[in-house]
Every structure is written in C-alpha cells, then in structure tokens.
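Asker: Work the whole structure out from these sequences, hints included.
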Amino acid sequence: MLEDPLARLLQQAAIGDLAAFEGVYRRLSGPAFGIARRVTLNEAQAEEVCQEVFLEVWRTCARYDRSRGSVSAWILTIAHRRAVDRVRSEQAASTRLAAAGRLESEATPRDSVPDQVEHRLEREKVRRCLRRLTRTQREAVRLTYYTGYTQRQAADLLEVPLTTVKGRLRDGLIRLRDCLGVGV
Amino acid sequence: MSEAGVHGLTAGYAVDALDPEEAEAAERHLAECEDCRRDLADFRETAVRLAGAEVREPRPEVWEAVRGAALRTRQLPPLTGAPEPGAHPRAGVVRLPVRSRWLPWTVAAACALVAVVLAGSLVSVSQRMDAEARHAAEMEKLLAAPDTNMVEAPLGDARATVFASYEMDAAMLVVEGLPSAPRGMAYQMWWADEGDVRPAGRLEPSADGRHSGMAEDMGRPEQLRVSLEPAEGASEPSGEAMSIDM
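Listed in order, the protein sequences are those of chains A and B.
Residue 23 in the working numbering sits at position 23 of the first sequence, with consecutive numbering throughout.
Residue 239 in the working numbering sits at position 239 of the second sequence, with consecutive numbering throughout.
Simulated from the structure, these hints should not be mistaken for laboratory data.
Glycine included, each C-beta is placed from N, C-alpha and C at the ideal position.
Errors might be hidden in some of the hints.
Derived pair list, reagent style SDA-like, types lysine to any residue, alpha-carbon separation capped at 25 Å [claimed, not checked]:
id, chain 1, residue 1, chain 2, residue 2
1, A, Lys125, B, Ser165
2, B, Lys141, A, Arg138
3, A, Lys125, B, Ala41
4, B, Lys141, A, Arg63
5, B, Lys141, A, Gln11
6, B, Lys141, B, Ser165
7, B, Lys141, A, Gly16
8, A, Lys125, A, Asp4
9, B, Lys141, A, Asp4
10, A, Lys125, B, Glu45
11, A, Lys125, B, Lys141
12, B, Lys141, A, Ala62
13, A, Lys125, A, Arg138
14, B, Lys141, A, Glu56
15, B, Lys141, A, Gln12
16, B, Lys141, A, Leu18
17, B, Lys141, A, Glu22
18, B, Lys141, A, Ala19
19, B, Lys141, A, Asp17
Restraint ranges, calculated between C-beta atoms of paired labels, are given here [to be verified]:
id, chain 1, residue 1, chain 2, residue 2, range
20, A, Ser89, B, Ala31, 21 to 31 Å
21, B, Glu32, A, Asp156, 39 to 49 Å
22, B, Glu176, A, Ala44, 30 to 40 Å
23, B, Ala158, A, Asp156, 51 to 61 Å
With the C-beta cut set under 7 Å, the calculated list includes, among others, these residues of chain B facing chain A [what the hints assert, rightly or not]:
id, residue
24, Val55
25, Gln75
26, Pro78
Answerer: This is how it looks when you write it as structure tokens:
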C-alpha cells in the first residue's frame, strides 16, 4: 500500500499536536464540508456537521486503524454518516429530494487557483464516470449517497423491489470504482 | 442471509444506506468476510472521490470553532479491541483524570463545575474564543496536575470551590451564588499570608451566573480572599474581603 501522507499527520495529532491536526483539517475540511452540504443542502447544517466531524477526529484519532483504509476514507465516511444522520432525523425529506434533482454540482468552490484547477479536473472526472452508469444505477447512487436515503426508501420511491436497488447500487459503485481507478 | 443479499449490504453499508438492523448484519458479516472488507474499502475510497468532486471550503470560523473545541476536549487513548460506533463528542466538557485519592463524588462534582463554566464560555463570540480557549487550556492543565486538591467552602453567602496546585503555583476559584458586580466594579482575588495581602487576579462572570478565575503566584498562602474593587483593579483590598482558609 502506498504511504498515506495524512496518516503521519494524524499520528502526530493523536499525541496532541494541534498543528498536525490543523494540517489534516486543511486537507479534508473541503470535501467533508462539501459532501455534508451536498447531502443536507444547508450551509449552516453542513458547518455543524463539519465541526462535529473534526472534533470526533480529534477525540478518536488514536483509534484510527490504517488497515481499514485511508485517512481520507475514514474521515469522509464519518462526515457522510453524520450528514445522513441529520437528514434522516428530519421530516422534510421530500423537499430535499426536489432540490437534489441534478447530480451535477453547481457549487463554485471558494478556493485558491491551483486548487480550483485540481478540483475542477476531479469534478469533471467524477461527472464523466457518473455519466457512464446506466440511468438506474445513477439513480440508485444519487438517492443513497447524495440524498441520504436508505436502499429501502429508494426502492419504495422507485417502486422496484429492494433487491433491484441493492444490485443497481452495487453495480454502480463497482463501475464508478473502476472508472475512477480506485484500488488498482 | 443469502450471498447476494449480503453483498448488497456491503455496498449499502459503504454509502450509509442501510437500516440499523441491516447495518448490524453487515457489520457481523464484514467481520468474517475478508473479500467483503476489501470491497468495502474500495467502495469507501470511491466515495472519497465522489466527495472530492464536491469540495467547498468552509468559512474560517469553522476552523476557529473546531480548534477552540479541540482545546477543551480530551483525546481518547488507542483502542485495542473493536471500535465503538456512535461515540459522540461533548464539546467543551473536560474530563478530569481520575485519581484514587479523590472520592468519586468529588471528581464528579469537579467535572460538573468545570463543564458548566466552560459551557458558559462556549456562547462567547468568535473574537473571544482564543482567550477562552487559553483559559480552558490553563484550567485543564491545573486539573490534570498531580497534586491538585479541591476545597469547598462558604464565601460570604456564596459557595466557593477551589482547585489548587502547589506544583502549578496556581488555583482556580469557582463561586456559585455571588451577586453580580455593580457597573464599573469587579471581584478581585487576593492571596493572604502573615499579614501580607497580594493581588491574585479577577473573577469573571460566566453565562450561567457563576464567577470563576485563575489565581496565579499562589506561594503558600493562608487564605484566598475576594473583594469588590473598581474594574481596573486595585493594588490592595479596599472593601471588606471574604475569605477561604487554604
């Protein structure tokens, strides 16, 4: 496995090094806030999620287990789960769905020029890979990952059996994985 | 559960799309299935890429809040067994290291007091956060010192709690039930020994109506006193002082 540059920073943070922790924050607060914002569709909630996530990271960074995946995956998994927990506890799921109608993000990130270039490339790549999914696979990914629905809720909404949604989501993620060159 | 059903759970688990019971089933299965763990890791890295396409920098205030909260939050030691899911942080609550010579109720009382004082400081505006965070860090250091002792005593009609450490040469005073200082006035602390009285810093009101302050350069005083003085500070107590025997 390639050396994870964030693992070292996290290790430092685990012994109370706040500067190292800030390094982790600087690298991952953008995607963590971004995904929380995408799921909650609410800036203020996304900021709260972002705070909760990094406080949890600070508290528990000694417990990060690199055999389970990268630091990015660990932290962004926490971010996604917390964002999803928030929207699930809300009643207004249907209004969110309408706003989340498009997969493409319209966000114009407020960051530096080199970062913008890098982010634009990454965004374009993801967009292209999403387009390569079948329509039904894309729907399954959108309703679960981006909207925060359970597979069961997605199945109800699409009026298809639960196993169909499970299959579409799994196939969709596999196709995305291969398209994005993850795990090779 | 069938093989296909379980595989469906891995993808759903990776994007948090399972009901709680399904998530438990997935976790049980993942513990036994190495291939599934590899799939899960790949799906999560894929999700990292999806999040990477949503990058948006949060406002600088978010880091300030995270930093302030981190300074008040104790880190957990490494875990040797399985991770504890759903452990939610409680911002601003400082856990005291438990020492055997302290009775459990004493530790609990100290935790409650400090948590309340810090919670008061949490409502402050962002410009004050650095000062508050420093204050919280000082308190935490004092509470963690090996020789810190706690004294509870009446202070006038109010109730005072003092945490004092000779090693740190400092004490923290938390007072409950002290009337608010009149406009232009403040409560000031004093160290008193052998007829000598030295200024020891100010007591600040917190949001919940308590007063607290760090008193430094403690030495070996006989008493900690509190008096009402002009807000800019006095070099010796002018009014009548209340006192706690140390």
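Asker: The structure should be examined with respect to each hint, and the outcome stated for every one.
Answerer: So, going through the hints one by one against the coordinates:
no. : hint                              : verdict
1   : A:Lys125 <-> B:Ser165             : violated, 59 Å
2   : B:Lys141 <-> A:Arg138             : violated, 52 Å
3   : A:Lys125 <-> B:Ala41              : holds, 21 Å
4   : B:Lys141 <-> A:Arg63              : holds, 24 Å
5   : B:Lys141 <-> A:Gln11              : holds, 22 Å
6   : B:Lys141 <-> B:Ser165             : holds, 10 Å
7   : B:Lys141 <-> A:Gly16              : holds, 13 Å
8   : A:Lys125 <-> A:Asp4               : holds, 22 Å
9   : B:Lys141 <-> A:Asp4               : violated, 33 Å
10  : A:Lys125 <-> B:Glu45              : holds, 15 Å
11  : A:Lys125 <-> B:Lys141             : violated, 49 Å
12  : B:Lys141 <-> A:Ala62              : holds, 21 Å
13  : A:Lys125 <-> A:Arg138             : holds, 15 Å
14  : B:Lys141 <-> A:Glu56              : holds, 21 Å
15  : B:Lys141 <-> A:Gln12              : holds, 20 Å
16  : B:Lys141 <-> A:Leu18              : holds, 16 Å
17  : B:Lys141 <-> A:Glu22              : holds, 21 Å
18  : B:Lys141 <-> A:Ala19              : holds, 19 Å
19  : B:Lys141 <-> A:Asp17              : holds, 16 Å
20  : A:Ser89 <-> B:Ala31: 21 to 31 Å   : holds, 28 Å
21  : B:Glu32 <-> A:Asp156: 39 to 49 Å  : violated, 30 Å
22  : B:Glu176 <-> A:Ala44: 30 to 40 Å  : holds, 34 Å
23  : B:Ala158 <-> A:Asp156: 51 to 61 Å : holds, 60 Å
24  : Val55                             : holds, 4 Å
25  : Gln75                             : holds, 6 Å
26  : Pro78                             : holds, 4 Å
Hints 1, 2, 9, 11 and 21, counting from the list given before, are not met by this structure.
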